[in-house]
Amino acid sequence: MFFIKKKPGVIAALEVGSHKVVAAVAEVREDGSLILRGVGEASSSGVRKGEVFDFQNAQKDISSALLEAENNADVEIQEVYLSITGSHIKSRKVRVKTSTEDEDHLVTEEQVRDLDEAAGEQAIPEDHAVLHELLQHYTLDSRTQTIKPVGLCAKELEADYLLIHGLQTRLETVVRCVMELDIQVSGVVLSSYATAQSFMASEVKKQGAVVIDLGSGTSDYMVYIDGAVAHIGVLGVGGDHLTHDISLGLKLPYKRSEELKIRHGLLYPTGIHQDEQVTLERSTNSEERSIYLHSLAKIMYLRQRETLELIKKDLDKLELWERINGGVHITGGASQVEGMQKLATDVFPVPVRLAHEFQLEGDQTYSRRPDLAGVLGVLRYARNYELTHPRSRGWSRVTEGFSKMFSSIGLF
Amino acid sequence: MIDFANDGPLGIHEVPLPSAHATIGIGSGAVNIIDQIRLNDENAHHCYIIDTDEQCVRGSVVSEKFLLGKSRVFGMGCGSDRKLAESLWAEQELEISEMLSGIETAFVIASLGGGTGSACAPQLVRWLKKNQVRVVVFAVTPFRFEGEVRKHNAASALRQLHSEADAVFTFSNERGLHLMESERDIRLCLHEVNKSIAGLTETLRRMVSERGFSQVTWEDITGMGEVTQDAFQRLETTWAGTGEASGSERLQHVVLEALQSPLFEDGNAWQHADKAFAGLIGGSDFSMSEYQTVLRALKADLPDGFPIASGALVDPAMEGRLRLTLLFSSSQGNPELDVSELGVATEKVVLQSATADFDSPKQEVDFSEEETAAIPGKEQDVVFTDSIDHSGEHTHEEVDFADSYIEQENEVDLFGEEISPDSDTQKYFSQQEELQLEKKINRGRFEKTERTILNGQDLDQPTFQRMKVPIRL
Numbered sequence: 001m002f003f004i005k006k007k008p009g010v011i012a013a014l015e016v017g018s019h020k021v022v023a024a025v026a027e028v029r030e031d032g033s034l035i036l037r038g039v040g041e042a043s044s045s046g047v048r049k050g051e052v053f054d055f056q057n058a059q060k061d062i063s064s065a066l067l068e069a070e071n072n073a074d075v076e077i078q079e080v081y082l083s084i085t086g087s088h089i090k091s092r093k094v095r096v097k098t099s100t101e102d103e104d105h106l107v108t109e110e111q112v113r114d115l116d117e118a119a120g121e122q123a124i125p126e127d128h129a130v131l132h133e134l135l136q137h138y139t140l141d142s143r144t145q146t147i148k149p150v151g152l153c154a155k156e157l158e159a160d161y162l163l164i165h166g167l168q169t170r171l172e173t174v175v176r177c178v179m180e181l182d183i184q185v186s187g188v189v190l191s192s193y194a195t196a197q198s199f200m201a202s203e204v205k206k207q208g209a210v211v212i213d214l215g216s217g218t219s220d221y222m223v224y225i226d227g228a229v230a231h232i233g234v235l236g237v238g239g240d241h242l243t244h245d246i247s248l249g250l251k252l253p254y255k256r257s258e259e260l261k262i263r264h265g266l267l268y269p270t271g272i273h274q275d276e277q278v279t280l281e282r283s284t285n286s287e288e289r290s291i292y293l294h295s296l297a298k299i300m301y302l303r304q305r306e307t308l309e310l311i312k313k314d315l316d317k318l319e320l321w322e323r324i325n326g327g328v329h330i331t332g333g334a335s336q337v338e339g340m341q342k343l344a345t346d347v348f349p350v351p352v353r354l355a356h357e358f359q360l361e362g363d364q365t366y367s368r369r370p371d372l373a374g375v376l377g378v379l380r381y382a383r384n385y386e387l388t389h390p391r392s393r394g395w396s397r398v399t400e401g402f403s404k405m406f407s408s409i410g411l412f
Numbered sequence: 001m002i003d004f005a006n007d008g009p010l011g012i013h014e015v016p017l018p019s020a021h022a023t024i025g026i027g028s029g030a031v032n033i034i035d036q037i038r039l040n041d042e043n044a045h046h047c048y049i050i051d052t053d054e055q056c057v058r059g060s061v062v063s064e065k066f067l068l069g070k071s072r073v074f075g076m077g078c079g080s081d082r083k084l085a086e087s088l089w090a091e092q093e094l095e096i097s098e099m100l101s102g103i104e105t106a107f108v109i110a111s112l113g114g115g116t117g118s119a120c121a122p123q124l125v126r127w128l129k130k131n132q133v134r135v136v137v138f139a140v141t142p143f144r145f146e147g148e149v150r151k152h153n154a155a156s157a158l159r160q161l162h163s164e165a166d167a168v169f170t171f172s173n174e175r176g177l178h179l180m181e182s183e184r185d186i187r188l189c190l191h192e193v194n195k196s197i198a199g200l201t202e203t204l205r206r207m208v209s210e211r212g213f214s215q216v217t218w219e220d221i222t223g224m225g226e227v228t229q230d231a232f233q234r235l236e237t238t239w240a241g242t243g244e245a246s247g248s249e250r251l252q253h254v255v256l257e258a259l260q261s262p263l264f265e266d267g268n269a270w271q272h273a274d275k276a277f278a279g280l281i282g283g284s285d286f287s288m289s290e291y292q293t294v295l296r297a298l299k300a301d302l303p304d305g306f307p308i309a310s311g312a313l314v315d316p317a318m319e320g321r322l323r324l325t326l327l328f329s330s331s332q333g334n335p336e337l338d339v340s341e342l343g344v345a346t347e348k349v350v351l352q353s354a355t356a357d358f359d360s361p362k363q364e365v366d367f368s369e370e371e372t373a374a375i376p377g378k379e380q381d382v383v384f385t386d387s388i389d390h391s392g393e394h395t396h397e398e399v400d401f402a403d404s405y406i407e408q409e410n411e412v413d414l415f416g417e418e419i420s421p422d423s424d425t426q427k428y429f430s431q432q433e434e435l436q437l438e439k440k441i442n443r444g445r446f447e448k449t450e451r452t453i454l455n456g457q458d459l460d461q462p463t464f465q466r467m468k469v470p471i472r473l
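Here the protein sequences line up with chains A and B, keeping their order. Residue 101 in this note's numbering sits at position 101 of the first sequence, and the numbers go up by one each step. Residue 101 in this note's numbering sits at position 101 of the second sequence, and the numbers go up by one each step.
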């Protein structure tokens with residue numbers, strides 16, 4: 001059992017990806033440090049492009065991953081923090097303001113709370129639900145910007161938020177998928193937001209940085225400016241597309257294409273003669289095949305370059321590159337292909353770093369697994385959330401932000 | 001025994017439900033055409049309009065209307081922003097689908113160039129096809145002078161429409177420029193073009209949905225709309241005109257009026273068309289000899305063997321009058337309105353600019369002979385691999401990884417391999433059946449998922465296929 005009352009510092013994270021479902025369990029120590037207790041993985045057969053398309057299969061895979069994580073961590077999972085993605089997820093900037101009425105114009109906590117509530121009530125598409133309401137900064141009298149306005153004096157207080165919202169039905173589906181297994185969902189977090197927590201230091205966020213998570217179903221990205229999230233994006237293209245391209249281009253079954261991608265995938269055929277081939281051994285269902293490495297590289301290069309260019313194009317619209325001094329940080333399973341650093345450096349106008357290692361305490365097996373960046377990030381997000389939002393009534397309590405989101409879709 | 005007094009439609013005349021054969025206008029320009037249809041026939045209850053411009057929607061005489069994205073663009077249109085329009089559609093597709101439920105055959109009029117028509121017409125057609133609706137699109141493309149964005153939008157939308165709809169008839173607003181009226185009044189210029197398209201759409205709809213004595217089948221219409229790949233990037237494939245007359249010399253007048261359509265004005269139709277259609281609607285006095293005479297006259301003026309489809313319909317409301325609708329279509333399209341000739345990126349370059357921007361325009365323009373020579377040919381493989389600078393600095397070849405995509409038109413593929421009819425790579429190319437656009441796109445693993453469409457491209461389709469890059473097997 002996941003006896004949370006006996007082990008109050010244990011949290012669990014779940015990422016339902018297009019390639020695999022991953023569950024991770026960690027222990028939060030009194031000093032706030034996070035110790036990874038165990039990870040469970042299962043192949044995903046009910047999810048494409050980050051969205052559930054086969055409910056029963058998705059549930060089966062989730063169940064397998066949770067079971068493995070339970071065995072490895074020696075706990076029973078009753079609640080999880082869930083990572084969410086999908087190209088339906090959008091963001092919208094909103095600005096709300098209020099004025100101080102008393103004579104000394106002191107900004108109070110109540111006013112800050114009012115602004116927070118007002119931001120959450122801003123219009124989003126009717127069929128969408130808010131995932132996150134991320135504060136960017138407060139502005140005092142249209143001049144001074146701060147993130148802690150309480151106690152300062154101003155006649156007018158403005159707050160800029162980034163509302164992250166997604167299609168209600170799609171969010172509902174993935175949450176239901178978990179809840180119908182008798183697992184409570186303690187919170188949901190946007191995948192890229194979680195990923196950023198897994199390796200981004202707050203100093204880098206303040207410098208301005210871009211986080212790109214090249215996953216199997218989607219490519220998620222997020223921009224930090226002055227320590228706050230300034231933009232998010234989810235592109236419905238990921239490593240699955242890469243495999244799909246290989247499969248169609250080289251006339252290979254999908255599984256063999258995946259194997260080829262993992263074992264021999266490359267973006268630049270540097271030093272490889274154009275006639276050089278790799279051999280895929282004969283298997284039960286397939287004959288032996290020889291594949292030109294140049295052809296493989298060509299297919300992979302075109303797809304990966306296109307993906308990064310599309311992200312760059314979206315970021316170009318923000319005109320923020322001059323404020324990105326912390327560089328572009330790329331992680332995720334699809335970022336492991338050989339040549340990614342060079343390609344990304346070609347595409348982006350700022351330095352690029354591949355985030356393939358994470359600082360972890362506990363089981364180090366997973367510290368060099370960029371494909372787990374998302375789920376490890378969810379653990380960090382959950383840890384931070386638990387520390388800043390102490391539980392009031394045990395597990396039955398629904399977090400404020402979460403209930404705001406799901407009250408609209410009738411899950412709670 | 002029952003003696004039939006008349007040939008032609010017999011028995012109980014089955015009037016289809018108005019909504020079963022619908023005409024749907026999407027985009028502001030299309031709304032004007034739909035209004036024209038509605039004004040011509042007050043019983044035209046089969047018309048629907050969809051737009052983001054509130055003034056346009058509110059001003060329309062059609063009752064079935066949908067203002068898209070009101071909460072986000074506040075009825076101000078979407079300013080040629082296709083991405084925005086696509087997102088508005090995605091958000092409200094469910095509501096639109098409720099309005100359009102029950103439709104079996106759709107005649108979609110799409111004004112391309114702006115945001116709403118260009119972005120949402122393909123979405124609409126996709127939704128209709130998904131719901132087993134037969135769809136013919138009448139696409140109206142912008143004037144040449146309207147700028148790159150509009151032409152690009154129109155070109156992208158056309159590509160999608162051709163791949164989704166049963167048939168696409170592409171009209172160009174450009175024809176309106178040749179009217180004398182266009183010198184005096186811009187409204188007259190557009191009105192004349194709209195009137196011709198409205199006349200054609202309505203005639204075809206009636207010919208398909210109502211029982212005539214010379215029936216037009218769906219296959220006739222889709223056959224008329226058949227085009228080659230070249231036509232995908234041409235902003236005009238169709239010309240049409242409608243005439244109406246009464247009196248003793250109505251036959252002569254009706255033919256003359258139809259031929260005076262602004263779309264036939266400058267002779268492009270005669271020069272490029274390779275198929276024709278004539279549709280006649282008359283009252284109970286409409287005679288077989290009139291039908292025959294019109295077709296004979298038409299055949300006499302066209303080259304031998306020129307395929308002509310025709311249909312005739314008796315409408316009691318047309319008593320004493322005759323209406324002729326002529327349509328000419330070209331399988332190749334009008335090469336004068338080829339997007340690549342108009343300074344808009346060709347299909348390949350559009351793909352590039354819309355997706356990867358592999359190359360800056362400057363590099364593209366500066367693609368000198370010297371650089372071409374530096375791109376390694378097949379015999380220069382070793383040069384190619386050796387030329388990569390391991391220090392990480394950009395060497396000529398590294399930069400041209402991207403450039404070489406543009407190079408495909410210069411018969412050199414991405415990785416520096418020559419493409420020529422004699423080369424081995426040509427063999428590989430022909431083995432790539434996915435590269436042939438006529439064939440259905442294989443969505444493989446993503447078959448059951450929502451398409452990832454961005455900038456007019458289906459990102460689920462392999463990048464190398466969209467860029468037409470050959471892969472050696």
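Check before you lean on any hint, since a few could be wrong.
[As the list claims (entries may be wrong)] Derived SDA-like pairs (lysine to any residue); straight-line CA-CA distance at most 20 Å:
#, chain 1, residue 1, chain 2, residue 2
1, B, Lys130, B, Ser331
2, B, Lys299, B, Ser289
3, A, Lys255, B, Gly444
4, B, Lys70, A, Leu167
5, B, Lys448, A, Ser43
[Said to hold, decoys possible] Quick look at which bits of chain A chain B covers, simulated, 3 or more residues with Cβ under 8 Å:
#, stretch
6, 44 to 53
7, 132 to 145
8, 248 to 262
9, 296 to 304
Please keep in mind that the hints were generated in silico from the structure rather than gathered at the bench. Note that the Cβ used here is the ideal one computed from N, Cα and C, for glycine as well.
Hints and how they fare:
1. B/Lys130 <-> B/Ser331: 26 Å, violated
2. B/Lys299 <-> B/Ser289: 15 Å, holds
3. A/Lys255 <-> B/Gly444: Judged against 20 Å, a Cα distance of about 13 Å means the pair holds.
4. B/Lys70 <-> A/Leu167: 18 Å, holds
5. B/Lys448 <-> A/Ser43: Given that 20 Å is the threshold and the Cα spacing comes to 19 Å, the pair holds.
6. 44 to 53: Our answer is that it holds, as 4 residues pass the Cβ test (under 8 Å) against chain B, meeting three.
7. 132 to 145: violated (count 0)
8. 248 to 262: Check passed, 5 qualifying residues.
9. 296 to 304: Holds, because 6 residues of the stretch 296 to 304 of chain A bring their Cβ atoms closer than 8 Å to Cβ atoms of chain B.
Against the hints set out earlier in the document, violations occur for numbers 1, 7.
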